[in-house]
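Take a look at the letters that make up each chain.
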Amino acid sequence: MRKQDMERIVQGYYDALEEGRILGRKCTRCGHIEFPPYLACNECGCLDTEWTELNGMRGKVTQALPTVGAFGDPEFRQLNGDYLAIGIQIPHIDDFCSSLLHVDTDRYEEFCKKVEETDVYVKPLIIQDEDTKVVVWELEDEEFKKMPDMAALAAARKAWEEAKAAEAAGQVSSQAQGDQAASGGSAGDDIDVATDPIAQTVIHCAADGYGVDESELTMATDIREDLSNESMKMIVMISEIEEELDVTIEIQEASNLNTLADFVNKVKEKM
Amino acid sequence: MSFNDNIPKLKPYKRSVSIIGVGATPFVRVLDDREVYGLTEGEFFGYAALEAMRDAGIDGSDVDFFVHGQAGPGWISNFGTANIHVANWLGMKGKGSMHQSEACATGYVALETAVDYVASGTYDVVLSGCIDMPYSIAYPTRVLTKRRFGTDAIFHETLCSTVTRDYNLFTRGVLPFSSESWLDAYFKENNLDAETIDKVMTNMAINCRRAAAINPLGLFDTNFDDLAEEYGMDSAEEYLHSKYNPLIGKYMRACHFEQRCDGAAAVVVCPTEMAHKYTDHPVEVLGIGHSCIEYSTPLLEKLATANAYKQVRELTGLTGADMDLFLTNDFFMQSEMLAAEECEYLPKNKGWEYMMEGRAAFDGDRPVQPHGGRCQYGHGSSASGLHDLYETVRQMRGEQGETQVKNPVNYAMIRGFGGGQNVLCTILKNNG
Chain A
48 MRKQDMERIV QGYYDALEEG RILGRKCTRC GHIEFPPYLA CNECGCLDTE WTELNGMRGK
108 VTQALPTVGA FGDPEFRQLN GDYLAIGIQI PHIDDFCSSL LHVDTDRYEE FCKKVEETDV
168 YVKPLIIQDE DTKVVVWELE DEEFKKMPDM AALAAARKAW EEAKAAEAAG QVSSQAQGDQ
228 AASGGSAGDD IDVATDPIAQ TVIHCAADGY GVDESELTMA TDIREDLSNE SMKMIVMISE
288 IEEELDVTIE IQEASNLNTL ADFVNKVKEK M
Chain B
2 MSFNDNIPKL KPYKRSVSII GVGATPFVRV LDDREVYGLT EGEFFGYAAL EAMRDAGIDG
62 SDVDFFVHGQ AGPGWISNFG TANIHVANWL GMKGKGSMHQ SEACATGYVA LETAVDYVAS
122 GTYDVVLSGC IDMPYSIAYP TRVLTKRRFG TDAIFHETLC STVTRDYNLF TRGVLPFSSE
182 SWLDAYFKEN NLDAETIDKV MTNMAINCRR AAAINPLGLF DTNFDDLAEE YGMDSAEEYL
242 HSKYNPLIGK YMRACHFEQR CDGAAAVVVC PTEMAHKYTD HPVEVLGIGH SCIEYSTPLL
302 EKLATANAYK QVRELTGLTG ADMDLFLTND FFMQSEMLAA EECEYLPKNK GWEYMMEGRA
362 AFDGDRPVQP HGGRCQYGHG SSASGLHDLY ETVRQMRGEQ GETQVKNPVN YAMIRGFGGG
422 QNVLCTILKN NG
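From first to last, the protein sequence lines are chains A and B.
Take 48 as the starting number for the first sequence in the working numbering and just add one per residue.
Take 2 as the starting number for the second sequence in the working numbering and just add one per residue.
Simulated from the structure, these hints should not be mistaken for laboratory data.
From a predicted model like this one, the values you see are computed outputs, not experimental measurements.
We put the beta carbon where it would ideally sit given N, CA and C, even for glycine.
Keep in mind that a hint or two might mislead.
[Said to hold, decoys possible] The calculated label-pair distances, taken between Cβ atoms and stated as ranges, are: (1) B/Ser162 <-> A/Gln58: 30 to 36 Å; (2) B/Lys189 <-> A/Met194: 54 to 60 Å; (3) A/Pro138 <-> B/Glu239: 48 to 54 Å; (4) B/Glu239 <-> A/Asp236: 40 to 46 Å.
Here chain A stands alone, though its shape is the one from the complex (with noise of 0.2 Å):
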């Protein structure tokens, strides 16, 4: 094998993204496609397959879930809006999973039973994830499509965009980042408990989840080093301020967040 001769496939997926194309890999003997594309058929085990182009594929919806608790990814719904994941069905392509954007998902349930009645079709829509774009799903039809506020979006990105910049460079902390786990967290001492109804509240929700007294909370109590590593104690706390703030602070988020005066913050920013 020559260099020459090691196509770089993955980095050919990702260059025609950038153009607006998109590729898979058709078997040269079978006919299946490799969607995303690999070397081989994984249909007939050929050896051979070539490039092919599939902007105008169109997936059936096989099943669809929900993004929420502690299996959906909250700085991806922060960027792109709320999103459902989804079975995906096509001739020639093996069946895959992936993300569902644009669809209103306060309608989850009436969606699920459409799917399961009728055929309901998504088309592939190229996003920008991060540094680089991807193929996600948006629905062919309208009925359950609900455009997210692009304004708000927008602004999201800007900011994400800023924080990896500045974080490229060094010059952020790392709770502006919504990442305290390196820094040990904040120990707030900006806030007075005495006069805050929000700490006293993620204080009281603190003490219920992890069985402790609320005099022994503190804004720069660790909730694992002070408290219990135990995450089903920190699902009950984020359960607790949902319920008493009528805040979100999703499981993921939580896990990136070390003292009490953290989650106070993340309340406020969420507000």
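Model the placement of chain B on the given structure of chain A, informed by the hints.
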């Protein structure tokens, strides 16, 4: 035609292989438990391996080769060549060894690898062990008694590392599918209403925790009734529907997800023809089916389970219905119902009834997970698969005390699952 049609048939082993010894440490949380605080990977592996050797009536001089398993030694211990890190603990210095790492499937591959070494004729006596400390992880360069919490944030990164990153990004769509798609499809296929689904999920948790709480190796010693009482509630059901057990997905509550912990387990195998020289209760490995399908495939757990089961069924001529006991990796608790039904241990479309009625509990007539499984007994990553094997072998011998299943266990099936994504289906025969 699909990729599933390309799954090969298994061929019989060149020589039959039997299990002659098993060992396991308790599942613990080292950083939270003064009794075990400070224990290291080498000690855990060593205690499990030495117990397995003692159980087989042998010592380090009798073992020809050992296999080391750790789900991801780089994540947890900052080990390269992880087998070398435990090699001096076993009385086997200088002998050959290897490391294998298949995330949560590691403990199931551990048996497969050891069996293949013996079946091929290369070695006669092989020890295979797994150690993981995902709750109490090591610092990259400090001595191993100094540890830090394996937090949810760190755990999430390790999960991401099991997903191919050429095209897939972890939580964008694949995680909800790998966790709940099979369950969702199953409930729809069986037309179950929300109330029934809730009862199935609740009873599964109650029965698993009931077993785990009385298993001396389990992580917890309280059942859900105890917890309800502690929180001033009337019943386990009330507790499991309270804020202390919130929904974390479409169907799963917090109690339906794995409980990370630290531990190890080990097994010793040898040719079946030699087994009675060491023990009067050998367990023969009849076959191990194995299928891998990565995360982007919908219903991958179901597809890979069907593939692995088909392989071992065709090799052995035995079905799930012939088994007396079924264990499975269930870091999503529903896997115990879904896999048991897919492997025909429970009748088609009736698994949910068995779960709801307690018939699959350790004291039921078709026991599944008599130790309580990953969500209640504990999940020590790689060590879990060999804990399943330890439990199965001891159930076959009738040694499991309070959680001993009612009927004799002549045949058992273990369905392994984990990694990105690896399914094994093993059939064992009690030759004791």
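Could you tell me which of the numbered hints above are not met by this structure, giving the numbers in increasing order? Structure breaks hints 1, 2.
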